[in-house]
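With the hints as your guide, set chain W onto chain C.
Residue-level listing of the chains:
There are 2 protein chains.
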Amino acid sequence: MKLGRMNHIGVATPDIEASIAFYKEVMGAQVVTEPFVLESQKVRVCFVETPQQGGALGTTGGTQIELLQPTEADSAVGKWLEKNPLGGQHHICWEVEDITEAKAWFEAQGKRVLGEPRVGAHGTMIFFVHPKDMGGQLTEIMERPREAH
Amino acid sequence: MKLGRMNHIGVATPDIEASIAFYKEVMGAQVVTEPFVLESQKVRVCFVETPQQGGALGTTGGTQIELLQPTEADSAVGKWLEKNPLGGQHHICWEVEDITEAKAWFEAQGKRVLGEPRVGAHGTMIFFVHPKDMGGQLTEIMERPREAH
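Just so you know, the protein sequences line up as chains C and W, in that order. Each number in my numbering comes from the position in the first sequence (counting from 1) with 77 added on. Each number in my numbering comes from the position in the second sequence (counting from 1) with 77 added on.
The shape of chain C in the complex, shown without the other chains (with noise of 0.2 Å):
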């Protein structure tokens, strides 16, 4: 395997709109996706948009920032709120080319991949690799999406 495109870093937050609000007001964000309930995690999600490498300031094609609010306080992100309640990073996730390759590629590593592959965020499969395996970082698996987001 080689390493794909950084897609995104997934932030928890316990207010989705004061951190949409930060990211524009604070950091200068021009583009933030509108919010939507992405039912298989539980959450609330939206992307901050950030230039690439050579992209004028408030461009997009860069690695983006997945704002994540829990809509359960039983869910995954609502747990880890619950240990950090103002929020953070909570994953990584790497595209890759094809999520079934991807996930023989891991389980043959001998890496905990949780549960089957899903629709993600961006529309395409993903699954999560157990931090434990992974450097300590909770790490998401995406298929590349064929066209840009």
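Any given hint could be a false lead.
For identical chains, the list gives no copy identity; a pair is met inside one copy or between any two copies.
Said to hold, decoys possible - Lysine to aspartate or glutamate pairs mimicking DMTMM-like chemistry, simulated, CA-CA at most 25 Å apart:
id: 1; residue 1: 79; residue 2: 174
id: 2; residue 1: 209; residue 2: 94
id: 3; residue 1: 209; residue 2: 159
id: 4; residue 1: 156; residue 2: 210
id: 5; residue 1: 180; residue 2: 126
id: 6; residue 1: 180; residue 2: 102
id: 7; residue 1: 160; residue 2: 210
id: 8; residue 1: 209; residue 2: 178
id: 9; residue 1: 188; residue 2: 210
id: 10; residue 1: 188; residue 2: 94
id: 11; residue 1: 119; residue 2: 92
id: 12; residue 1: 188; residue 2: 174
id: 13; residue 1: 79; residue 2: 193
id: 14; residue 1: 209; residue 2: 92
id: 15; residue 1: 188; residue 2: 178
id: 16; residue 1: 79; residue 2: 92
If you are wondering where the hints come from, they were derived from the structure by calculation, not from laboratory data.
Okay, now just chain W, sitting in the frame of chain C:
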């Protein structure tokens, strides 16, 4: 201020050589820079290169992983590792055009800037902002390198 490029994600590790092997052998990184000691932060540091959007697998230009191994237990990263012995995501780093203007901006927003700007791992001036003022994320602000790093 307009949001700049996400330069890197700082990832603390108790063993930088093991982490380099992980990124190369498990994640498939093609380019990892040679580790060096950054005395001001009391860390050994290197960068895992990642492709940018549209870039082929194994190319560079995307947000980097900055691996950080403390050279002393009594250091910021050393203390962080005491609480997180496996390592993991330690900070996020954003590029700005002008470090002096950026410091004034964050201070005017009531954000706690941690110390004076100093030379960072990319050779440009950097400072950190307190995680409690930044949605739970320790945030590095870095003057953009004038040439590709």
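List, from low to high, the hint numbers that the structure doesn't satisfy. none
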